[in-house]
Amino acid sequence: MTVHAATEAEQVSEVLARAAGRHFGATARIETLARESGGASRQTWSFDAVVDATRHELILRRDPPLAGRPGSERSSSLDRPTEFRVLRAAFKAGVRAPEPLFELTPQDGLGEAYVMRRMRGTAIARKLLRDAPYAEARRRIPLQLGEIVARIHATDTATLPPLVTKQAADQIALLRGALDQMADPQPVFELALSWLDRRKPAPVERPLLVHGDYRTGNYLADETGVTAILDWEGAHLGDPVEDLGWLCVKSWRFGAVDKPAGGFGSRDELWAAYERAGGRKVDPARAHWWEVLGTARWGIICHQQAWRHLSGAVKSMELASIGRRAVETEVDLLQLLKAGG
Amino acid sequence: MPQDRPSAAELLAAIADFLREEAIPALDRSEPRLGFQMRVAVNSLAILEREARLGPEADRREHERLQTLLSRDGTLGELNRALAQELRTGQRDERDAALMAHLDATIADKIAIANPKWR
Numbered sequence: 017m018t019v020h021a022a023t024e025a026e027q028v029s030e031v032l033a034r035a036a037g038r039h040f041g042a043t044a045r046i047e048t049l050a051r052e053s054g055g056a057s058r059q060t061w062s063f064d065a066v067v068d069a070t071r072h073e074l075i076l077r078r079d080p081p082l083a084g085r086p087g088s089e090r091s092s093s094l095d096r097p098t099e100f101r102v103l104r105a106a107f108k109a110g111v112r113a114p115e116p117l118f119e120l121t122p123q124d125g126l127g128e129a130y131v132m133r134r135m136r137g138t139a140i141a142r143k144l145l146r147d148a149p150y151a152e153a154r155r156r157i158p159l160q161l162g163e164i165v166a167r168i169h170a171t172d173t174a175t176l177p178p179l180v181t182k183q184a185a186d187q188i189a190l191l192r193g194a195l196d197q198m199a200d201p202q203p204v205f206e207l208a209l210s211w212l213d214r215r216k217p218a219p220v221e222r223p224l225l226v227h228g229d230y231r232t233g234n235y236l237a238d239e240t241g242v243t244a245i246l247d248w249e250g251a252h253l254g255d256p257v258e259d260l261g262w263l264c265v266k267s268w269r270f271g272a273v274d275k276p277a278g279g280f281g282s283r284d285e286l287w288a289a290y291e292r293a294g295g296r297k298v299d300p301a302r303a304h305w306w307e308v309l310g311t312a313r314w315g316i317i318c319h320q321q322a323w324r325h326l327s328g329a330v331k332s333m334e335l336a337s338i339g340r341r342a343v344e345t346e347v348d349l350l351q352l353l354k355a356g357g
Numbered sequence: 127m128p129q130d131r132p133s134a135a136e137l138l139a140a141i142a143d144f145l146r147e148e149a150i151p152a153l154d155r156s157e158p159r160l161g162f163q164m165r166v167a168v169n170s171l172a173i174l175e176r177e178a179r180l181g182p183e184a185d186r187r188e189h190e191r192l193q194t195l196l197s198r199d200g201t202l203g204e205l206n207r208a209l210a211q212e213l214r215t216g217q218r219d220e221r222d223a224a225l226m227a228h229l230d231a232t233i234a235d236k237i238a239i240a241n242p243k244w245r
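Which chain is which? The protein sequence lines are A and B, in order. If you want this note's numbering, it's the position in the first sequence, counting the first as 1, plus 16. If you want this note's numbering, it's the position in the second sequence, counting the first as 1, plus 126.
These aren't lab readings, by the way, just hints derived from the structure by calculation. Be careful, since some hints might not be right.
[Stated by the list, open to error] Here are the simulated DSSO-like pairs of lysine-lysine, each with C-alpha atoms no more than 30 Å apart in a straight line:
id: 1; chain 1: A; residue 1: Lys275; chain 2: B; residue 2: Lys243
id: 2; chain 1: A; residue 1: Lys216; chain 2: A; residue 2: Lys143
id: 3; chain 1: A; residue 1: Lys216; chain 2: A; residue 2: Lys108
id: 4; chain 1: B; residue 1: Lys243; chain 2: A; residue 2: Lys354
id: 5; chain 1: A; residue 1: Lys275; chain 2: A; residue 2: Lys331
id: 6; chain 1: A; residue 1: Lys275; chain 2: A; residue 2: Lys354
id: 7; chain 1: A; residue 1: Lys182; chain 2: A; residue 2: Lys143
id: 8; chain 1: A; residue 1: Lys331; chain 2: A; residue 2: Lys297
id: 9; chain 1: A; residue 1: Lys331; chain 2: A; residue 2: Lys216
id: 10; chain 1: A; residue 1: Lys297; chain 2: B; residue 2: Lys243
id: 11; chain 1: A; residue 1: Lys331; chain 2: B; residue 2: Lys243
id: 12; chain 1: A; residue 1: Lys354; chain 2: A; residue 2: Lys182
[As the list claims (entries may be wrong)] Some residues of chain A that are not near chain B, with every Cβ distance over 10 Å (derived):
id: 13; residue: His39
id: 14; residue: Thr60
id: 15; residue: Lys108
id: 16; residue: Ala174
id: 17; residue: Thr175
id: 18; residue: Pro201
id: 19; residue: Pro203
id: 20; residue: Leu209
id: 21; residue: Ser210
id: 22; residue: Glu221
id: 23; residue: Glu239
id: 24; residue: Ser282
id: 25; residue: Arg302
id: 26; residue: Ala336
id: 27; residue: Ser337
id: 28; residue: Val347
All figures in this text were calculated on a predicted structure; none of them were measured in a lab. We put the CB at the ideal spot given by N, CA and C, even for glycine.
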């Protein structure tokens, strides 16, 4: 570990001890603090807060002060305070998600940040899809994903912070705008967006809470199945079928291509579980439309990720290499367009 | 004048093999985070190896098809820009069989380079 990283960890640890002390109302000792993931700007830290004799297993979500400038990451992402409020509303509505506990204050000096409970399980698709301990979980996951997303969509919108509404037409405009910001023409994505434009569903009259990135890789699961839905920074108001379509995008099946529901089950299983849990009856044509939209969206995000490197905003071999994944979605788009709809 | 052998593809393959067989196992023992990054790098080298072998011919075929499809001349970039524009405005769409045959062939060539295992 570099000297700089040690200094940052020490600062984070001190602030967390103070903030956890405030929240739990007693002296807190911070242990096992470790950076989990994320780039320089959107960080996740894992730590334990020991208060009296109780050990609280926690997660810090944090945008450091300097990195929080607009445009430093995908600009459609929620800021941390809004993400905290969305997570709180969803958790209170009974969604299986990490319980959000407290926010840090500007005086704490860590930037925009909040603390939530650390949940059991892994988010690594490869393990969930193939390792022996998850055999039973694999049967449950498609049903649980249907039930949980129905809960998300049932969240009372009056309990949410102000969120942008994205209807079908808005999504198309956003993706065309993204293509226009990059250098190279993209015939297949243009074809797909025009196809989507001609068939777009009518705007939903009552937009609901949409998770916005509901897919394998963004939830934790253990041997019993899904333990927590993560990554709420894409939350917005819109058409609930968007989440069902995105979950079925082929890129999120991680090789289990014959199991559209996140690599674990069929669309029918997913939709039946969704409807049993109170979700509105799923129109297959509408779900197909959102799956095509999601496929185009992931491909264009691949280009955007590479563009962050190519434009000089961030230097990253990993981001650069994602640009070459976009063609995977072009293959899928041509197949989907031929499947009709 | 052509370079001596190894060709670009042969040299890229040799580098990728070395990194995969010797560097990655060592990194996995000492620096797992770098081991992961090195896998990303090796995967990109494999793409470049296929591109060195297949790319020029794929570009030539795409260029030829675009000239026929659009009935005009221009660089590969210019023709793709013109096609993208026609698709944005709806002048052409998926009911155009010649268009779809061109896109199918183009994407088949691209995925054969970027990720031949994709299905």
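Verification of the hints:
1. A/Lys275 x B/Lys243: Holds - the C-alpha atoms of B/Lys243 and A/Lys275 are around 18 Å apart, at most 30 Å.
2. A/Lys216 x A/Lys143: Not OK: A/Lys216 and A/Lys143 at ~36 Å, beyond 30 Å, violated.
3. A/Lys216 x A/Lys108: Measuring from Cα to Cα gives roughly 33 Å; hence the hint is violated.
4. B/Lys243 x A/Lys354: holds (21 Å)
5. A/Lys275 x A/Lys331: Cα-Cα ~36 Å, so violated.
6. A/Lys275 x A/Lys354: holds (20 Å)
7. A/Lys182 x A/Lys143: Outside the cut-off at roughly 33 Å; violated.
8. A/Lys331 x A/Lys297: violated (45 Å)
9. A/Lys331 x A/Lys216: Measuring from Cα to Cα gives roughly 37 Å; hence the hint is violated.
10. A/Lys297 x B/Lys243: Measuring from Cα to Cα gives roughly 36 Å; hence the hint is violated.
11. A/Lys331 x B/Lys243: holds (28 Å)
12. A/Lys354 x A/Lys182: holds (27 Å)
13. His39: holds (32 Å)
14. Thr60: Since the minimum Cβ distance to chain B is about 15 Å, A/Thr60 lies beyond 10 Å and the statement holds.
15. Lys108: At about 37 Å from chain B, A/Lys108 clears the 10 Å cut-off, so the statement holds.
16. Ala174: holds (39 Å)
17. Thr175: holds (40 Å)
18. Pro201: Violated, since 4 Å does not exceed 10 Å.
19. Pro203: Contrary to the label, A/Pro203 does not stay out of reach of chain B, its closest Cβ about 5 Å off (not over 10 Å).
20. Leu209: Nearest chain B Cβ is 8 Å from A/Leu209, so the label is violated.
21. Ser210: A/Ser210 is in fact no farther than 10 Å from some Cβ atom of chain B, at 5 Å.
22. Glu221: A/Glu221 is indeed farther than 10 Å from all Cβ atoms of chain B, at 28 Å.
23. Glu239: Label holds. Min Cβ-Cβ 25 Å, cutoff 10 Å.
24. Ser282: holds (18 Å)
25. Arg302: holds (19 Å)
26. Ala336: Non-interface label fails for A/Ala336: nearest chain B Cβ at 8 Å, not farther than 10 Å.
27. Ser337: A/Ser337 is in fact no farther than 10 Å from some Cβ atom of chain B, at 5 Å.
28. Val347: Label violated. Min Cβ-Cβ 5 Å, cutoff 10 Å.
Hints 2, 3, 5, 7, 8, 9, 10, 18, 19, 20, 21, 26, 27 and 28 from the list above are not met by this structure, while the remaining hints are.
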